[in-house]
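Keeping their order, the protein sequence lines are chains R and F. Read in order, the letters of the first sequence are residues 1 to 112 in the working numbering. Read in order, the letters of the second sequence are residues 1 to 114 in the working numbering.
Don't read these hints as lab results, they were simulated from the structure. Hints are not guaranteed to be accurate.
[Said to hold, decoys possible] Have a look at the derived ranges for each label pair, beta carbon to beta carbon:
{"id": "1", "chain 1": "R", "residue 1": "THR99", "chain 2": "F", "residue 2": "THR28", "range": "33 to 41 Å"}
{"id": "2", "chain 1": "F", "residue 1": "GLY98", "chain 2": "R", "residue 2": "SER67", "range": "37 to 45 Å"}
{"id": "3", "chain 1": "R", "residue 1": "PHE10", "chain 2": "F", "residue 2": "SER65", "range": "37 to 45 Å"}
{"id": "4", "chain 1": "F", "residue 1": "ASP31", "chain 2": "R", "residue 2": "GLY63", "range": "28 to 36 Å"}
{"id": "5", "chain 1": "R", "residue 1": "GLU100", "chain 2": "F", "residue 2": "ALA24", "range": "35 to 43 Å"}
Note that beta-carbon positions come from the ideal geometry of N, C-alpha and C, so glycine has one too.
Spelled out, the chains give:
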Amino acid sequence: NAGVTQTPKFQVLKTGQSMTLQCAQDMNHEYMSWYRQDPGMGLRLIHYSVGAGITDQGEVPNGYNVSRSTTEDFPLRLLSAAPSQTSVYFCASSADMNTEAFFGQGTRLTVV
Amino acid sequence: QQQVKQSPQSLIVQKGGISIINCAYENTAFDYFPWYQQFPGKGPALLIAIRPDVSEKKEGRFTISFNKSAKQFSLHIMDSQPGDSATYFCAASWVSGGYQKVTFGTGTKLQVIP
Chain R
1 NAGVTQTPKF
11 QVLKTGQSMT
21 LQCAQDMNHE
31 YMSWYRQDPG
41 MGLRLIHYSV
51 GAGITDQGEV
61 PNGYNVSRST
71 TEDFPLRLLS
81 AAPSQTSVYF
91 CASSADMNTE
101 AFFGQGTRLT
111 VV
Chain F
1 QQQVKQSPQS
11 LIVQKGGISI
21 INCAYENTAF
31 DYFPWYQQFP
41 GKGPALLIAI
51 RPDVSEKKEG
61 RFTISFNKSA
71 KQFSLHIMDS
81 QPGDSATYFC
91 AASWVSGGYQ
101 KVTFGTGTKL
111 QVIP
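Work the whole structure out from these sequences, hints included.
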C-alpha cells in the first residue's frame with residue numbers, strides 16, 4: 001500500500017528550465033492537491049483537483065500548470081523555473097477535502 | 001494572507017510537560033479543523049481533527065480544545081516526549097465555489113528536551 005508517491009525527491013533546475021513533478025496515489029481518492037512549503041509560511045495551496053478532468057487554482061498558482069487525466073495521477077508542471085520557486089513541494093490526496101489528507105514525502109526543488 | 005493564524009512559531013518544552021499550540025481564525029464558514037504533525041524530511045500526517053459542533057476532542061496524549069465563539073482552537077500535548085519533537089500545523093477547511101478548500105497555519109516547531 002504505497003499511499004501517495006512523489007518523484008523525484010530532489011531536483012536542481014536552472015532558471016528558465018521546465019520540469020514536471022510527478023504525484024500518484026493508489027487510494028482511489030477524488031481530491032488531490034499540490035502545496036509548497038516555505039520557512040515561516042506553512043503550506044500554501046498551488047492547485048487542486050476534485051476529480052479526473054477537473055482542476056482549479058489555489059492561492060499561489062502563478063508559474064505552475066496541472067492536469068488530471070486519471071484519478072491516480074496529478075502532475076505539477078513548472079513552465080519556466082524561477083529562483084522564487086525554490087521550495088519543498090508536497091502532493092496530497094483525500095477522499096474529499098473535509099477528511100484526512102494523505103501527503104507524499106515531498107520534492108525539494110532548488111532553482112539556481 | 002493567512003486565514004488561520006498560528007502561534008507560537010517555536011516552542012521548547014521539558015519532557016513530561018504540556019505543549020500548547022494555538023490557532024485563531026475569522027472565517028465562520030470553516031467546518032473542519034485538523035492538526036498535522038510533520039517530522040523532518042517527511043510529509044505532514046494527520047494527528048487529530050475536530051468539527052465545530054464539539055468543544056474538545058482527545059486522542060491519547062493529544063487534545064484539541066475548540067472555542068467557537070472566540071474563533072480559536074488549540075492543541076494540547078500532555079506528558080510531552082522527545083519523540084513529539086516535530087512541526088505542527090493547524091488547518092481549516094470550508095466550501096468555496098462548490099468545493100471544499102483547506103488552508104494551513106504557518107506551523108509550530110516543537111522541541112521536547114529530556
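Outcome for the supplied range 37 to 45 Å, where the beta carbon pair is R:PHE10 and F:SER65: holds (39 Å)
Distance restraint evaluation - F:ASP31, R:GLY63, Cβ atoms, bounds 28 to 36 Å: Taking Cβ atoms as reference, F:ASP31 and R:GLY63 lie about 31 Å apart, which means the hint holds.
Pairwise beta carbon distance, R:THR99 to F:THR28, judged against the given window 33 to 41 Å: For R:THR99 and F:THR28 the Cβ distance comes to about 21 Å; the hint is violated.
37 to 45 Å as the expected CB spacing between R:SER67 and F:GLY98, which holds or is violated: violated (20 Å)
Whether the CB-CB distance between R:GLU100 and F:ALA24 falls inside 35 to 43 Å: Roughly 23 Å apart at Cβ, these two residues miss the hinted range, so it is violated.
The structure is inconsistent with the numbered hints 1, 2 and 5, although it conforms to all the rest.
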